[in-house]
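> Sequences listed follow chains A and B, in order.
Just so you know, our numbering puts 24 at position 24 of the first sequence, and the rest follows in order with no gaps.
Just so you know, our numbering puts 1196 at position 196 of the second sequence, and the rest follows in order with no gaps.
Among the clues, some could well be false.
As the list claims (entries may be wrong) - In the DSSO-like style, the derived pairs of lysine-lysine whose C-alpha atoms are separated by at most 30 Å in a straight line are:
#1 A:LYS134 x B:LYS1240
#2 A:LYS284 x B:LYS1016
#3 B:LYS1108 x A:LYS216
#4 A:LYS291 x B:LYS1226
#5 A:LYS324 x B:LYS1226
#6 B:LYS1226 x A:LYS284
Bear in mind the hints are in silico, worked out from the structure with no lab data behind them.
Here is how the chains run, residue by residue.
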Amino acid sequence: MPKDVLVFVESRAGQVKRPSLQALSEGRRVADALGAKLRALLIGSQVEALASELAAHGPDSVLIAEHPLLAHYQAEAFTAVLAEAVRTTASEYAFLSATAMGRDLAARAAARLEAGLASDCTHAEVTAGELRVKRPVYSGKAVATVRLAGSPSLATLRPNAFPLAAAPRTPSIEKLSLDLPESRIRARTTGIKASEAAEIDVAEAAIVVSGGRAMKGPENFALIRSLAEALGGAMGASRAAVDAGWVGHQYQVGQTGKVVSPMLYIACGISGAIQHLAGMSTSKVIVAINKDAEAPIFKLADYGIVGDLYEILPKLTEEVRRMKGQ
Amino acid sequence: MKIAVCVKQVPDTETKIRIRADGRSIEEAGVNFVVSPYDEYAVEEALRLKEKQGGEVVAFTVGDERAATALRTVLAMGADRGVHLKDPAFEGSDALGISRILAAALKKTSFDLILFGKQAVGTDQGQVGPRVAELLDLPHVSVVVSLAVEAGRLTAEREIEGALEIVESPLPAVITAQKGLNEPRYASLKGILAAKKKEILTVTLADLGLEASSVGAAGAREIWEKLEVPPSRGAGKILKDMEPAAAARELVRLLREEAKVL
């Protein structure tokens, strides 16, 4: 039996989430290594139109599960669909991205399928026909190599940890027939409250600029925000800045905050407490700006500037704007 | 309201991790074990609900002898009694096994609400809450930052990327707590003394009627083959003693030409 791979593709408001395309790219790589088929699963109320966007990243087929009850993410409904899709396709592995939706759905679906699940993986490898994944544990202080025993098995993949790869295919489209009684969905999503400013979320951004204790107060976060905007990235913060009430909890990177793996992480006035490093140490490129040359963050940094961030940040923002011709 | 809160004992987040000679687990000697921080938000929320609406808060944990201290901590915060799920057969359980153990134990009582932390610090998975909900055939809401319970229903706000999802559900239900839900209280001296007199019931595999092969290392589907310290990133390029403008220019150049991220 070929060990087929199924990738759940997340969409919100008619948009495919970028981490899902990364998961699809990794799914293609793993399926190729296993000599298996790759299927993408779209769940929603009107999602068929999104199938064409997936073709570039390699699915052999796209399964469509459409139903009015699937317009918003609801754990029980999506669990029923995902579990059914895994069963009917006899998929060996199901990948989801480790987003808010992916993590929630994967856990509940794994229980329904009596399956193993490795959460928030940063690496996948097939050797001798067997999949192994790596995932940071103990807040990134260690990395576990995990074998998923039994079939099926699930994994959630950390956003931005896997590259987006081109693998054009002309996937076939299959519809998943659904038996979804309304009474089975008890927890209902009744609304969504967007954060005040329509900003890029720190967990999704390719570039993150974070401020820490040295920002001294909420007003100075304007420096962080300006640089983030110039770079087209998101603003983040350390726990110290959040606990001081300078910025909201949604910006917090680290343990008890969000885990990020952007292409570029710029830590400003952040000393590098272990809880902060837990949230950002798998960033591709790390930049530290700090007065204290001995700050632990410099041990992790690919690039650093020792100096006063109040002098450096405005110059940096100016320089980025000039480079981009803004 | 009958409220259950499930907690896990984990190494303190400040702990330096040393890997054992077996290459698959961490050295536990000298490690300070605490109740997982997210579980404290769950405990606090359970206590507040009880204070408002009356009822009972029962704390559950799966673990060896040492895990009893986690239950004592929760009892000292104000929980009424503890259930310690302890059996050699439970050792080496993955999230699937732990969920089976907890679900079997929770099934023995009809709880109105079952609370978890959004994830245990250490294994960092966030699986057990939703898994238990599925095994008990209950609705769940995970990563909750605000919760209101009234007349047999709950309204919760859960954190998603860049927004909050508002979810309504009938009780009984399962909730997993995120930072922001509340400020956990400290155990008072009075609470610590009172906790010594509170009941902790020990429950074994046989009491739960589970097969030994479905839990512990025997039932695990997620197998840690190796544990390593992450590769060091190597020495970076640090710019110092430079004019701010020159340093900014040089950094942008390096990010564009060398790191190729701009």
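> A separate judgement is required for each hint: does it hold in the structure or not?
Here's how the hints hold up against the structure:
1. A:LYS134 x B:LYS1240: violated (36 Å)
2. A:LYS284 x B:LYS1016: holds (24 Å)
3. B:LYS1108 x A:LYS216: violated (52 Å)
4. A:LYS291 x B:LYS1226: Violated, because 38 Å separates the two Cα atoms, which is more than 30 Å.
5. A:LYS324 x B:LYS1226: The hint is violated at about 45 Å.
6. B:LYS1226 x A:LYS284: holds (23 Å)
Checked against the numbered hints given earlier, this structure breaks hints 1, 3, 4, 5; the rest are met.
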